[in-house]
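Undergrad: Now that you have both chains on their own, put them together as the hints suggest.
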Amino acid sequence: MNDYRRIFADGLWGNNVVFVQMLALCPLMAVTTTATNGLGMGLATTWVLLSANIVIASLRHWIAPEVRIPVFVLLIASLVTLADMAINAWLHELYKVLGLFIPLIVVNCCVLGRAEAFASRQPVLASAADGLAMGLGLTLALVLIGACREVLGSATLFAQASLLLGQSFAFLEIVLIQDYSGFLLMLLPPGGFLVLGFLLAGRRLLERPRP
Amino acid sequence: MKTDFRNSLGYPMALLGGIALMTSAAISVADWLTQADITQRQLEDLQATLQQVVPATYFDNDLVRDTVTLRAGDQTVIAYRARRNGQVQAVCYQVSAPGYGNSAMVMVMGVDRAGTLLGVRVISHAETPGLGDKIEVTKSDWILKFNGRSLNDPPPFGWAVKKDGGIFDQFTGATITPRALVSAVKSGLEFFAAHRLALLDEVVAGGTPK
Numbered sequence: 001m002n003d004y005r006r007i008f009a010d011g012l013w014g015n016n017v018v019f020v021q022m023l024a025l026c027p028l029m030a031v032t033t034t035a036t037n038g039l040g041m042g043l044a045t046t047w048v049l050l051s052a053n054i055v056i057a058s059l060r061h062w063i064a065p066e067v068r069i070p071v072f073v074l075l076i077a078s079l080v081t082l083a084d085m086a087i088n089a090w091l092h093e094l095y096k097v098l099g100l101f102i103p104l105i106v107v108n109c110c111v112l113g114r115a116e117a118f119a120s121r122q123p124v125l126a127s128a129a130d131g132l133a134m135g136l137g138l139t140l141a142l143v144l145i146g147a148c149r150e151v152l153g154s155a156t157l158f159a160q161a162s163l164l165l166g167q168s169f170a171f172l173e174i175v176l177i178q179d180y181s182g183f184l185l186m187l188l189p190p191g192g193f194l195v196l197g198f199l200l201a202g203r204r205l206l207e208r209p210r211p
Numbered sequence: 001m002k003t004d005f006r007n008s009l010g011y012p013m014a015l016l017g018g019i020a021l022m023t024s025a026a027i028s029v030a031d032w033l034t035q036a037d038i039t040q041r042q043l044e045d046l047q048a049t050l051q052q053v054v055p056a057t058y059f060d061n062d063l064v065r066d067t068v069t070l071r072a073g074d075q076t077v078i079a080y081r082a083r084r085n086g087q088v089q090a091v092c093y094q095v096s097a098p099g100y101g102n103s104a105m106v107m108v109m110g111v112d113r114a115g116t117l118l119g120v121r122v123i124s125h126a127e128t129p130g131l132g133d134k135i136e137v138t139k140s141d142w143i144l145k146f147n148g149r150s151l152n153d154p155p156p157f158g159w160a161v162k163k164d165g166g167i168f169d170q171f172t173g174a175t176i177t178p179r180a181l182v183s184a185v186k187s188g189l190e191f192f193a194a195h196r197l198a199l200l201d202e203v204v205a206g207g208t209p210k
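Residue numbers (this note's numbering), protein chains in the order written: chain X, 1 to 211; chain R, 1 to 210.
Note that these hints are calculated values from the structure, not bench results. Fair warning: there could be bad hints in the mix.
[Stated by the list, open to error] Here are the simulated DSS-like pairs of lysine-lysine, each with C-alpha atoms no more than 25 Å apart in a straight line:
hint: 1; chain 1: X; residue 1: Lys-96; chain 2: R; residue 2: Lys-139
hint: 2; chain 1: R; residue 1: Lys-139; chain 2: R; residue 2: Lys-163
hint: 3; chain 1: R; residue 1: Lys-134; chain 2: X; residue 2: Lys-96
hint: 4; chain 1: R; residue 1: Lys-139; chain 2: R; residue 2: Lys-186
hint: 5; chain 1: R; residue 1: Lys-145; chain 2: R; residue 2: Lys-162
hint: 6; chain 1: R; residue 1: Lys-134; chain 2: R; residue 2: Lys-145
For reference, chain R alone in the conformation it holds in the complex (with noise of 0.2 Å):
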């Protein structure tokens, strides 16, 4: 009878392990199989994000793997470096900030070697559409205001939006997203200024590097 087997009480717990065992199988092929590809195109999609906050005349390097990490507070942030003739003239780093209703907001910010601003832009987030999320590059050009700008400029009070007195336009109808944004960006400089030794990848003369 061809159906005994079947009716026997490991029958099931045999089929369920077998299935179990090909189909892991089959995913450990398919993850040989594009492994490659994926991180080839996720360091494309890096690369071209990097290209965004730091002008290409700012490096000769590979700035994706020119990387350093450090630790801000209770979080660890990775730092690409742009090289020119081997020393660093701009570095970029990803900062986030709690958005509206408790989603983050990832931007990548670049800076230069006198702490300028180069660029910001926003990676992720889950803002309102049509009303938060004029904070994309390609719905306004809201977030091109932070060009050129410093922890000194504006002054630390003028690092707000225009309702708290500083000098950065919030949107209507949507206040939290551009000051959580503005503050964030500020941080990140913050952290810029904290850590720029460490950074630009130079130790204080006659100083021990920590």
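Next comes chain X alone, as it looks inside the complex (with noise of 0.2 Å):
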């Protein structure tokens, strides 16, 4: 049972994709434009991390170590292929917003990464458990990036949070102030690295040991 805790404390903060790997910055800065954008993208990475991990630790046995990787991209794409072709047709109203990411998802390294890491040399279990925390590592780092985005460059938090989640939750979005004219450094890539700085700083404070 430890390991598992192990395992989740290191997905959700002790070696978070984004704040510790340093993985995943380019899908990053293209959609944490805002808070709601930042949790679908994560949510549907982190589906592609579960499964990924999943199937490749269930047929790690039979993987040959010289085709390992063209192997775990196959797979990879092909799971990102079934996800927005499910998404597309039966989710279609979360595809509009997140249409164009979803084909991201593949070449986002951190799925990769935990596959050659991780799901190639470990019991599929411990693999999903893997998955699962890394992925919601993630959709934690893409949340907080976006949220703060969001907020400095439009003043709103969550906009859209129905679309994704369904109508019980439109009670999330927030507008903080009214007829806000709007930071738009904020919206384009350099605001993601800004915002992105900060928080390492702010995540390297937090760990700094006490003297």
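TA: Structure representation (structure tokens):
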């Protein structure tokens, strides 16, 4: 049980994909203009991480080391394609918000990274836990950065959340300042880098060994 | 020994091939399962977009399926016809314009029989958020200023942003976007004028249809 606790602690904080491993920065800059987009992208990536880890862990004894990378890429790309089709067909409102970004999950190196570093050497259950933990850690980071950029850039929080999660979540949509004229820089990619930089600095401060 | 066959030269190849076959099969099945739903959703999207630029009073047909394909320069244009009692009352089609920084803006416009604009909506663009994105109807009512306009209203020199001597507002800090959009709408109307008969599904009396 302790093992699983460590896996989750690692995924969410200690070895967080964004804040510690510094992976997945490209989709991060593209989607995190609102907290809602970050959440949607994070959940979609979590699904892919989870299923990729399960599939790869269950095939790990058969995968020849010489061709392991092509095999991982093939499996991940197929899982993303399946997710893309399913969301397009059955969650079309969500697809209209996230459609462009779902294929981007293929090039998200954290998926291949977890396959190589964890799922190819660990049992199925542990790999599933790792995929889930890493995905939730990524989601946390995306929502945090998205929220900062949204608040500073357009003074709203979780705008359009009801499109993503259904009408019952409309209460999440908060307008902080009416008629806010906007802070464009935060919505452009440089704003993403700025927010990420400050969050990283904040994490360093928290983790600093006390004298 | 259990691992013997895995050391053979052919094993990695067979493995990669096998996995490729497996994943292709999975994707084919998923495609077969989702295809009908996806097509349906896309039709609904298209219908919703078209209905924004052609009021429902203009048609009693299924305008998504009543199309005509024309060539304008090097582009193929698909026009959707809105008919009432069999007569074409309005058409709608897509036009695109080069936006800021080499990205394309795609919009759909509806034009009635007389060549009057019923409406224009931008359906995709990559303009700067906060500056150029006022072309979206959810952000500003700027795009509604085109309603009721036609090639002669304003006269040709008026089809420009105010900065260039025309009648359409530019945005603070973004002139390129509205300028490109105004000229695209104008050429959209010129396209209608040039292909009016074909678009309205009519032939000149005594003439031969081309």
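Undergrad: Now look at each hint and say whether the structure bears it out.
TA: Now the hints, each set against the structure:
Under the criterion of a C-alpha separation no larger than 25 Å, the hint pairing Lys-96/X with Lys-139/R is consistent with the structure, at around 18 Å. Of the supplied pair hints, the one linking Lys-139/R and Lys-163/R holds, its CA atoms being roughly 22 Å apart against a limit of 25 Å. For the proposed pair Lys-134/R and Lys-96/X, the alpha carbon gap of about 20 Å is at most 25 Å, so the pair holds. Between Lys-139/R and Lys-186/R the CA atoms are separated by roughly 22 Å; this keeps the pair inside 25 Å, and the hint holds.
A C-alpha spacing of about 13 Å is found between Lys-145/R and Lys-162/R, which places the hinted pair at or below 25 Å, so the restraint holds. The hinted pair formed by Lys-134/R and Lys-145/R meets the criterion: a straight-line CA distance of about 13 Å does not exceed 25 Å.
When the structure is compared with the earlier hints, no violation turns up for any of them.
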